[in-house]
Amino acid sequence: MQRATAGDLAYRLLVRGLAGLAILILLAPVVIVVATSFTTSQTLRFPPPDLSLRWYRELFDPVRSGPIHAAAWNSVWVAGTATLAATVLTVLAALAVARVKRPSARILEAGFLSPLVLPTLSYGLAALMFFSVLGIRPSLNILIAGHLVVIAPFVFRTTLASLAGLDQTLLEASANLGASRFYGFRRITLPLIAPGILAGAFLAFVSSMDNVPVSLFLSNARTGMLPIRMWGMMESTLDVRVAAIAGVLIASTLALLLVVDRLTGLTRRMSA
Amino acid sequence: MSVAVATTTGDARPALFRGRARAPSGGPRVDWRLAAPLGLAYLVFFAAPFAILFGISFYADAEQTRLGLDSWIKFYGDLFYLKVVFDTLKLGVFAVVATTILAYPLALVFRAAGPRARQALVLIILTPLLTSVVIRTFAWIVILAREGVVNQSLMALGLTSTPLNLLQTELGLVIALTQIEMPLMLLPLLTLMSRMDQNLVDGSRALGASQARTFFKVILPLTLPGWIAGATLVFASAATAFISQSVIGGARLVYLPALIWQQSTVVYNWPFAAVASLTLLFAVLAGIMVLGLLGRFARTD
Amino acid sequence: MIRLDRRAFAVGSLALGAAGLTTRAQAAGSLTAAIYPGTWEEAYRNVVAPALKKAAGVDVAFDSLFAVDQVAKVRAARGVPPFDCFVLDPGPAASALQAGLFDPIDAKKLTNAAKVPAGLITPHAVTCNAQVVGIAYNPKKFSAPPKGWADLFKSPYVERLGLTGFQTTFGTVSIIEMAKVFGGSESNMDPVFAELKKAVTKAAAVAAPAAMPGLFQQGQIDVMYTNTNTVAILKGRGVDIEFVRPETGAITFQTTLHIVKGAENVDAAYRYMDTAISADVQSALQKQPYNMIPINKDVTLVDTLDVKSVDELAGMVTHDWTKINPQRAAWIERFNKEITK
Numbered sequence: 006m007q008r009a010t011a012g013d014l015a016y017r018l019l020v021r022g023l024a025g026l027a028i029l030i031l032l033a034p035v036v037i038v039v040a041t042s043f044t045t046s047q048t049l050r051f052p053p054p055d056l057s058l059r060w061y062r063e064l065f066d067p068v069r070s071g072p073i074h075a076a077a078w079n080s081v082w083v084a085g086t087a088t089l090a091a092t093v094l095t096v097l098a099a100l101a102v103a104r105v106k107r108p109s110a111r112i113l114e115a116g117f118l119s120p121l122v123l124p125t126l127s128y129g130l131a132a133l134m135f136f137s138v139l140g141i142r143p144s145l146n147i148l149i150a151g152h153l154v155v156i157a158p159f160v161f162r163t164t165l166a167s168l169a170g171l172d173q174t175l176l177e178a179s180a181n182l183g184a185s186r187f188y189g190f191r192r193i194t195l196p197l198i199a200p201g202i203l204a205g206a207f208l209a210f211v212s213s214m215d216n217v218p219v220s221l222f223l224s225n226a227r228t229g230m231l232p233i234r235m236w237g238m239m240e241s242t243l244d245v246r247v248a249a250i251a252g253v254l255i256a257s258t259l260a261l262l263l264v265v266d267r268l269t270g271l272t273r274r275m276s277a
Numbered sequence: 006m007s008v009a010v011a012t013t014t015g016d017a018r019p020a021l022f023r024g025r026a027r028a029p030s031g032g033p034r035v036d037w038r039l040a041a042p043l044g045l046a047y048l049v050f051f052a053a054p055f056a057i058l059f060g061i062s063f064y065a066d067a068e069q070t071r072l073g074l075d076s077w078i079k080f081y082g083d084l085f086y087l088k089v090v091f092d093t094l095k096l097g098v099f100a101v102v103a104t105t106i107l108a109y110p111l112a113l114v115f116r117a118a119g120p121r122a123r124q125a126l127v128l129i130i131l132t133p134l135l136t137s138v139v140i141r142t143f144a145w146i147v148i149l150a151r152e153g154v155v156n157q158s159l160m161a162l163g164l165t166s167t168p169l170n171l172l173q174t175e176l177g178l179v180i181a182l183t184q185i186e187m188p189l190m191l192l193p194l195l196t197l198m199s200r201m202d203q204n205l206v207d208g209s210r211a212l213g214a215s216q217a218r219t220f221f222k223v224i225l226p227l228t229l230p231g232w233i234a235g236a237t238l239v240f241a242s243a244a245t246a247f248i249s250q251s252v253i254g255g256a257r258l259v260y261l262p263a264l265i266w267q268q269s270t271v272v273y274n275w276p277f278a279a280v281a282s283l284t285l286l287f288a289v290l291a292g293i294m295v296l297g298l299l300g301r302f303a304r305t306d
Numbered sequence: 007m008i009r010l011d012r013r014a015f016a017v018g019s020l021a022l023g024a025a026g027l028t029t030r031a032q033a034a035g036s037l038t039a040a041i042y043p044g045t046w047e048e049a050y051r052n053v054v055a056p057a058l059k060k061a062a063g064v065d066v067a068f069d070s071l072f073a074v075d076q077v078a079k080v081r082a083a084r085g086v087p088p089f090d091c092f093v094l095d096p097g098p099a100a101s102a103l104q105a106g107l108f109d110p111i112d113a114k115k116l117t118n119a120a121k122v123p124a125g126l127i128t129p130h131a132v133t134c135n136a137q138v139v140g141i142a143y144n145p146k147k148f149s150a151p152p153k154g155w156a157d158l159f160k161s162p163y164v165e166r167l168g169l170t171g172f173q174t175t176f177g178t179v180s181i182i183e184m185a186k187v188f189g190g191s192e193s194n195m196d197p198v199f200a201e202l203k204k205a206v207t208k209a210a211a212v213a214a215p216a217a218m219p220g221l222f223q224q225g226q227i228d229v230m231y232t233n234t235n236t237v238a239i240l241k242g243r244g245v246d247i248e249f250v251r252p253e254t255g256a257i258t259f260q261t262t263l264h265i266v267k268g269a270e271n272v273d274a275a276y277r278y279m280d281t282a283i284s285a286d287v288q289s290a291l292q293k294q295p296y297n298m299i300p301i302n303k304d305v306t307l308v309d310t311l312d313v314k315s316v317d318e319l320a321g322m323v324t325h326d327w328t329k330i331n332p333q334r335a336a337w338i339e340r341f342n343k344e345i346t347k
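Chains as they are written, first to last, in our numbering: chain H, 6 to 277; chain L, 6 to 306; chain E, 7 to 347.
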């Protein structure tokens, strides 16, 4: 290793400085939100004058926070159902195009991934127009359909990546031994790509829980979704319960992430 | 893209009838029976709504009584709306630039770090995904406001005597978007960084290249595909980040999403909202294509 | 108002009608009422529903919808309305009246009608709440309060002002009043747009109306135009805020209940409206956390409302929404264009 020049030192300093700034920008909002959720103050204000669990108690009160609970269950139900449906459909589709080198497969792949980059707000409006032209009333089922489309790419991408990394000889060996395609899938392919599917499903679930553009157009007051209700609460009344909801969401998503991580080695694989 | 889905799914039938019998000879074929369920779901719930959106844009009036190009002409004949399109794209570009400037150094630190530090970094990078988009905007109000964290720190350090206006400025909005979009840039970048051949980097250094030169001549080209993937997601996401744009940017910065929202739910002019919506769609697609071309250009370079 | 495709109505009306029938309350002595989401829904669920059950044995189910959505839903249902009672602000109420979506109201069927000031019960509407709009400021940031609309455009207030446009009822009527101060009117908004254009470069914030309370309590803005309801809510949460009546008078407008044309449970709807305007209910609704200004003369007003008595409302500035509605889209567009950086 050669000796570091002044230029190298400056470079290193710049890299570390910017990386530090990046970490600060990534973490600061989360720290502020969590700190605010423990405030004793009446309003969303930072820094909190004192710490308490007051707003969490308020949030878990079934009477006073009833509509929030209803919205939360709506969100969990929509995210759960949409993720489940998206996962099943997407794994099938990924099996259909994986390892296929033809243009038709590339086009399908691009099509299935397109909601990832197309503006979801445009899609939200399009879906609203579509369902009202058909005369279908807003309902949780419509929300599930809308969410399914925008979250499917997450599962599709990770499943495709897992299938690409699959050792094909294993499957061929199984086929040579006379196993049916389904048996081969169930006993060999599925266990090997399961971590990829799970990681994708996790991302899909989280992004559905946090989806605003589609829910904004497709949910109404009765089918209220959590992020939309939070937005209303935050903007109009500065309800500190919003910070408490964020606290609960952070904790539960983190717990889910740790479980998924245990099962799939998500962070380990990403840091490998 | 939705059109692409439509045409390929249209081919599904003949392919299905042809069956798999001849498949092995020319490499594997798409198994349309497996692709059909998702394809159908996309066709009904994704392509069809966009078709309706396209159709509604050809109503001439808000009441949807006559057909005509009036909504399109009103949008494209007005410099104000063209500027809104330009500003939206500009915001996407700024977000890409800002995330790039911060994500590369962090990715370099990640590459040099040990396994434990790496795992911690991955968790840090994922944290924005754990926080609801709604509450993140609140946090940024707290940070950027006149009496906020940044201004209080700057004034305590004596760097400024009057509070800076950061909220409701493009700068403030780009800073907030940087946090929200950074994971999208970092995740593909980290994948490529960790796959990168260390020998190439060592080789460059051994030949006497400075660290900065090594970064620009070796690391940057090798990680470019990851950057393009990340930049595509950041660009698309920043251009359509409705809540951040309206809460942090304020009403003086008009972007396409706010215009779409206002026209569709406040003014109730659906044809005009449809035109704005399709414009956002095409603008984002055009931006993505440019990024794709950059990638192709870089590869042939 | 509604932009649903006309052809779609033919397709959708059957399904909508059927769905409406299943969601509507079936038992005798029950109704479905539309209600605004948020504070209104909480208030009516917690105060009006129990009072109605106690007084008349009527069950009420709430369908929480914003005004425009209520109107859209009733239009789409084509004579088989999904609920019996509207709650509307003056803008949507005026357009729903023009579209013929209301059944006439017989004031004789309301026992509390005599206790409501004249004009607040019309042949199609029963006022259930008044809103009063004026200027709100932070008393700790200024030596003297702003006196009128013109002050908002002068130093030191303009530098601390939060501006919002025509999206909301309170924003629209406030800007109309500003126009009058600068020599304009509902039909001539040029003077106020000229002033707004100058003010936006100095103003502390130009934002969505709903974002104003947040910006105010974070110290980003110290002056805004808003309703007393918002002021009372913020004050109740310990924010430094005071309400000021502009020299030219505070603005008032009514939130009204209406019977939907073709409503099934008309009798129950009368009982519901009667309960909503009764002294007990109105008295409960004026307290924290609802802060709704009562319209029943028997109610003694609490001091958190910035309004002393129900009669005071008659002296305030009002507006004709049949004139405002046709111009609003153009105003919104003009506001967009002139304030954008």
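Hint data in this document are derived by calculation from the structure and do not stem from the laboratory. There could be a bad hint or two in this list.
Claimed, not checked - Here are the computed lysine to aspartate or glutamate pairs in the EDC-like style, where the Cα-Cα straight-line distance is at most 16 Å:
hint, chain 1, residue 1, chain 2, residue 2
1, E, K347, L, D92
2, E, K303, E, D317
3, E, K60, E, D286
4, E, K146, E, D280
5, E, K293, E, E48
6, E, K146, L, E152
7, L, K222, H, E63
8, E, K147, L, E152
9, E, K343, L, E152
10, E, K343, L, D83
11, L, K95, L, E152
12, E, K121, E, D309
13, E, K204, E, E165
14, E, K267, E, E48
15, L, K88, E, E344
16, E, K60, E, D317
17, E, K147, E, D280
18, E, K147, E, D246
19, E, K114, E, E248
20, E, K186, E, D112
21, E, K121, E, D304
22, E, K347, L, E152
23, E, K121, E, E344
24, E, K153, E, E248
Unchecked claim - Label-pair distances were calculated between CB atoms; the ranges are:
hint, chain 1, residue 1, chain 2, residue 2, range
25, L, F59, E, N52, 33 to 39 Å
26, L, L290, H, A15, 36 to 42 Å
27, E, P332, L, L162, 41 to 47 Å
28, H, D55, L, A122, 33 to 39 Å
29, E, T324, L, L84, 35 to 41 Å
Since the model is a prediction, treat every value here as computed from it, not as a measurement. No residue lacks a Cβ here, since even glycine has one placed at the ideal position from N, Cα and C.
Q: Check each numbered hint from earlier against the structure, then list the numbers of those it violates in ascending order.
A: 4, 7, 9, 11, 12, 14, 16, 17, 19, 20, 22, 23, 25 and 27
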